[in-house]
Amino acid sequence: MAETILKDIGLYKNRLLTLLLESDDICEALAGPACTSETVYGQDGDDEDYGLVYKQIFPYLYIDETQDEVLPYLCVEVDVPDIPTSAMKEMKIIIWCYCHKKCMKYTKKGYSGTRSDILADMVERQLGDSERFGIGKLSLASATYLTDVNHRYYGRQLVFTAADFRKKRR
Amino acid sequence: MKEWYLTPAAGSFGYIFQEYLETDLAATAWLANCDLSEQEEIRCVIQGSTSDSQTQSMERTGLFPCGLVKAGMYLFYNDSCWLIAGYPGTNGIYEKAAMALCQYKIRWQKQNGDIEERWVHVIPDSPAGSCDSTFYGSTAHSGTVHGSTAHGGTIRTAYDGTAHSGTIRTAHDGTVHDATIRYSYDQLSLLLPYDGDALALKGRRIFLDKQGEMPEKVYEITRMDDILYDYGESHGAVLRMLAVRTQLDPAADNQELRICNYIPSPPPPVPDSLSDLSVRILGSQKLRSGLARTYTARFTGLDGRNIPDVEFTWKVLSDFAVDQSVSQNTIRLAVNDEKQVGCSFTLQVLMQDSVAAEIPITVTEKY
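One line per chain: the protein sequences are E and L, in this order.
Residue 53 in my numbering sits at position 53 of the first sequence, with consecutive numbering throughout.
Residue 254 in my numbering sits at position 254 of the second sequence, with consecutive numbering throughout.
With the rest of the complex left out, here is chain E:
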């Protein structure tokens, strides 16, 4: 099977979602203290239940303006902004940590700020030391605020960058 440059986009997303779900703090901040394994990963026998994924964690930017539920969300996107050499490519990981404005208040020992600030901090702690993306560790390039058109949601956009091989033999 021919190896492609872009295959890493899906691969990165899968690894990102796995890493995020492995954090108890992130799952608790998203789904509350009663969060169970079934809440996180879905019910064992249900093919359509992906747990938090596609409910509060999305492998793409998702803001549902018609959503009535007051919830926090995490969205993940992966870009390949540059392919500078025949051997290397730049990878850009964007993570949106945002909440409905009615659930901004959150308290967790060791963290401070709003729920979206805390979620962003949790994501940085979870990904910061990971060596599963590219060559070496991820580097946090920016963390800027974001809001939606109707100003119902507010949050933070994290951008991580990594260098990776252009094509990998798997």
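By construction, these hints were calculated from the structure, which means they are not laboratory data.
Worth double-checking, as some hints may not be accurate.
Said to hold, decoys possible - Okay, derived cross-link-like pairs now, DSS-like style, lysine-lysine, Cα gap no bigger than 27 Å in a straight line: (1) LYS167(E) / LYS339(L); (2) LYS105(L) / LYS55(E); (3) LYS13(E) / LYS339(L); (4) LYS13(E) / LYS286(L); (5) LYS339(L) / LYS92(E); (6) LYS137(E) / LYS339(L); (7) LYS7(E) / LYS339(L); (8) LYS286(L) / LYS105(L); (9) LYS7(E) / LYS102(E); (10) LYS105(E) / LYS7(E); (11) LYS7(E) / LYS217(L).
Predicted, not measured: the structure shown is a model, and the values here were computed from it.
With the hints as your guide, set chain L onto chain E.
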């Protein structure tokens, strides 16, 4: 001002009630038979919901479409179970029936081991107003009340020592006597639907205890009024029972199941050959990469009953690594290699060196 409300010819006023049922003054409820095997959602009118006394708060009157209800049916509404206890009467427009609140569900076991349950209306069996079940032949009082001591004296009995004074109408002559009674037993009166299974309760012991998982209060059904509230085939019937406190028998009574004289069901025999056995593998045919999933082998006999303790082995036929963890009848599988997305493998149940069941499983994307 409204115009005249046109009504049809006399004899067909039922439609007015039907319209009334569609308003917010009516309620949606579930009507059920005695063992709840048949249930139907209905609209009805509940009267007497704002009671002035504790006794009245356990009573309601229901208005139903004609011919719908019988005594002995249950009505579920407002998170409560009500027993239609009175004779349902009709005025041609609606049917009215008195209902009693069921506070407890009794359980017992039939001869074949099946467990029966009935919601019951429970009231204390007191002398005033309930002489019929208290004094007529019950274990507690038969010896004293029917005798000469009941008339004009003090009846002393053993159990709780509570003294009650009131008017007593004795069994034989109907003469009214004032007396003080000390109960010999803790007695309760139960109302429940009249049916063949409930009739078999006479002389049986039942739990009447809501306390936790290990109830201790056991009562014996000493008396059964099967005629008193029998309104005939077309109107239904309820049974009134007298339950007298008796001793828990920890050796025979199953406290967890709340069943007295519990007969444990024998485990079904393991079939001799594979032809007597049906084997199924329960679990999804899609296994998400990187996530473990549980698969269960289920064995059933010809009669459809589950059969435990069958000797078998799991086998995974795969060209790639599949993590396996076996526990009794279940196996937990996981494929952690992202490259295997889209690939398939086979899960088998082997018995006596032959394949008893198998399913193909495809590895899918994690998310």
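Results for each hint:
1. Annotation: proposed proximity of LYS167(E) to LYS339(L) holds, straight-line Cα distance about 15 Å (limit 27 Å).
2. Using a Cα cut-off of 27 Å, the hinted pair LYS105(L) and LYS55(E) is violated, with the two alpha carbons roughly 40 Å apart.
3. Simply put, LYS13(E) and LYS339(L) have alpha-carbon atoms about 15 Å apart, close enough for the 27 Å limit, and the pair holds.
4. Distance hint between LYS13(E) and LYS286(L) is fulfilled; the C-alpha atoms sit about 20 Å from each other, no more than 27 Å.
5. For a cut-off of 27 Å, the pair hint linking LYS339(L) to LYS92(E) stands: about 23 Å separates their Cα positions.
6. Between LYS137(E) and LYS339(L) the CA atoms are separated by roughly 23 Å; this keeps the pair inside 27 Å, and the hint holds.
7. Of the supplied pair hints, the one linking LYS7(E) and LYS339(L) holds, its CA atoms being roughly 11 Å apart against a limit of 27 Å.
8. Restraint check for LYS286(L) and LYS105(L): the C-alpha separation of about 43 Å exceeds 27 Å, so the hint is violated.
9. For the given pair, LYS7(E) sits about 38 Å from LYS102(E) by alpha-carbon distance, which is inconsistent with the 27 Å threshold.
10. For a cut-off of 27 Å, the pair hint linking LYS105(E) to LYS7(E) is broken: about 38 Å separates their Cα positions.
11. Using a Cα cut-off of 27 Å, the hinted pair LYS7(E) and LYS217(L) is violated, with the two alpha carbons roughly 68 Å apart.
Hint compliance for this structure: hints 2, 8, 9, 10, 11 are not met, and every other hint is.
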